[in-house]
Amino acid sequence: MMDRFKAFLYAIKSEVWSQSSGKAALTLLSFLIILSIVSAIMLPPNFVSVWNDPKPWGIKPKDAPPQWAAFFGYSCAPHYEADLRGFRYVLGISGNEVSLKYTLTYNLNSKSFPQGIAIKIDGLSLVGVQSFRIVLNITRPDGVTVPAVLTYLTTATNGSIAITSIVLNPDTMKLAGTLITLYPQLLSVVNLNDIAMNYPTYLFGTLTNTSRISPLNGLYRLELLVIIAVPRIATAADVNNIVNAFRDSQDFRVAVIGTCYGVLGTDYRGRDIGLALFFGLPIALLIGIGTAVLTTLIGLFAGLVSGYYGGAIDESIQRFIDVLGSIPLLPILILIAVAVQQAYGANPYKPIIMLLVILGTLVVFGWGGLAIVVRSMTLSIKSEAYIEAAKVAGASNWWIMVKHIIPQLLPYIAAQMVYSAPSAILTEAGLSILGIQHGLPTWGGILADARIYGNVSYWWWIFPPGIAISVTSLTFVLLGLSLERAVEPRLRRV
Amino acid sequence: MADENILVVENLKKYYELRGSFLQVLGLKSPTYLKAVDGISFSVAKGEIFCLVGESGCGKTTTGKIIVRLLEPTSGSVLYKPSAEARKVLESYGYVEEYVDIGKKYPKDVDKVLRREIQMIFQDPYSSLNPRMRIRDILEEPLIIHGIGKDRAERLEIISRALEEVKVTPPQEFIDRYPHMLSGGQRQRVAIARALVLRPNLIVADEPVSMLDVSIRVEILQLMLDIRKSRNISYIFITHDLAVASYICDRIAVMYLGKIVESGEITKVINNPVHPYTRALIEAVPEPNPSNRLSLRKVDIIGEIPSAVNIPPGCRFHPRCPFAMDVCRREEPPFIEIEKGHYTSCWLYHKK
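Here the protein sequences line up with chains B and S, keeping their order. Its first residue numbered 0, the first sequence is counted upward by one per residue in numbering that gives the first Met the number 0. Its first residue numbered 0, the second sequence is counted upward by one per residue in numbering that gives the first Met the number 0.
It should be emphasised that the hints constitute simulated quantities derived from the structure, not laboratory data. Every residue gets a Cβ at the ideal spot worked out from N, C-alpha and C, and that includes glycine. Hints are not guaranteed to be accurate.
Quick list of the computed label-pair ranges, beta carbon to beta carbon [unchecked claim]:
#1 S/Ala242 x B/Arg3: 38 to 48 angstroms
#2 S/Ala242 x B/Lys22: 38 to 48 angstroms
#3 S/Glu54 x B/Ser375: 25 to 35 angstroms
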């Protein structure tokens, strides 16, 4: 039995492979499957919550095109991020203060301005300290030092400081004042509020003769001072303690936020679209294949039972399918999704619950058509003389269904299953765009965000998920086409 | 010969309920019935070939299907005498009588034993073999179902012997073929082999040669006769062809609209047909001799066989009968013996 099954699979495979569409389908499919396995292995367990949390993405460029867009004429201010945990610092001790001084350089060589400056701290816990202070000074290429671009001060409660996931940004009004003092001529072009609203332009720009601000290219020196006060004269143990605390923190980095980022750019929150596409692949395949398999199994079983047993069973199944078929799916889906949203709004697993409920609804409403076709095929097979012959030989109903009917339905079923896979992916994407957002970073979800928060010019946000959905659907359709030809001899080319 | 009956059919009826009109669907009006088989009785002796002949639609196939238990009779009994082997299983379930009524339902194990004893050969060997199964799978299926042979090799051995018995040789060459790779005659031989692997006592052959070329009919008939000789199997042979019937049958029953109109030993019925319908059937057998072709015209029954829903009152043959009398339209004729082992139901032979 196993050998025959293997031989059958091999025959199907070589038949599919012999067609050019089949070759394309199998290549694409294996590519998608390998990619999704890699992605599933790499997927961090808390990815969904990280994705929906604005803080981790605060130091990334927002609405940024991919880095390679620079080759096509986009002017990209480079994005610079330094993880300070592993960075060289100069240690200073004066009185009860311990200071770590980091010196970084940022090279601006672009026609556009960076989006800003930010510092991210996560999971830092200092014990036995009084206060924690950060000062960032920037020396511009023209030799002028802008002091205290970004400052931060926090004092200890009960002698300890614990910081979880914060993103620090400059105090824009203060920074604007500092810039005015350094460059009074700016006031002839703009006022203080404009500078505050758009500080990167003035921090990284210079006034040209034509009274326009253009980026000041060259090396910027960032001097970051981390000053920690301890309740006594600082000892070596305190220094050790502080240095260890920074080394053991979850994240501590400074960023000059550029205007291009990553492989596929970012969205309105600075989230990496490439990451979402990559981790969305196994979800998309799961949605497609899972729904297709479940729908097909239920349809096969219902159709088989309905056609084989006939009578009241048949009548009730068929009328049930009629009822299901006359219920409009879309309003029901919207209704169910809203209900789940209400019921599980606060649940951390809400996105997953909602996705499963949507898929469940698709399955519940999706098997009817297949069941009708399977029933009619079963009816015609059932009346064959060899079924009677098997009955005379003593075969049970189960035997007849498994040995005589299902093998004949199988090719059709397989092709149907493959065909129905993309429809689930498309439906999920369509629902997301209609506003039934479950919050999982699915391809449809990204597209839906693009519709709500995006802009027509953000092509990196619209095309990649669209193309990903199309390619995946195309894979299944091509596979279905070539499978159909493989199992249906009438369609076979001579 | 009739000393040991293997099958006794008594007053067998098979009605199909028709719910045509709305009132009938609602159950407000009694349903009309299609009387496929309307009270027939006959018996089959051990080793005998019993023929059922008649036009299409006369109920002969329905009778055959009831005997192989594909259909359940509406009423009447089909008494079958199981073999000694089957007896043991039956007795363990408390069925101690010599004959069991196979028209009834039985527990699964009993059912299996009874099914094994009575097998069927179908009319069309092109549709009675699953086109997607190889010959070995087709023949192995009943063996697996009945748990015959302890492993694959032993079953294969049984299959090979069965194929040799039906002269599909050498078996090794055929077991891995699909049905479409065989000729019609070979397929019917495989179908016979499938019936034989279970070692039945009774085979219902439903027009087994009517779909075959005339040239290979005799071979198949001869094969069936050989098997009867070697295994002492009884046949119920269903056919519409009197030429075939006269070749193979021991006794014959002519059916018309669900009833037997004439029955008896084959030589008596063929040489001395008494019922007008039998006579017409014999007249209708084509003659290979061209000089006799005009004699074909002598068939003097008129019209078509009526629907089994509206069976004519009285003798059901009377609308087509050239000798119809008043009594034929009023009363059904009784089944009478006109000579030893030759019965008919016709008012013409009823001695008042």
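Outcome of the hint check:
Between alanine 242 of chain S and arginine 3 of chain B the beta carbons are some 44 angstroms apart, a value that agrees with the proposed interval 38 to 48 angstroms. Remark: the range hint 38 to 48 angstroms for alanine 242 of chain S to lysine 22 of chain B is contradicted by a beta-carbon distance near 60 angstroms. Between glutamate 54 of chain S and serine 375 of chain B the Cβ separation comes to about 32 angstroms, which falls inside the hinted range of 25 to 35 angstroms.
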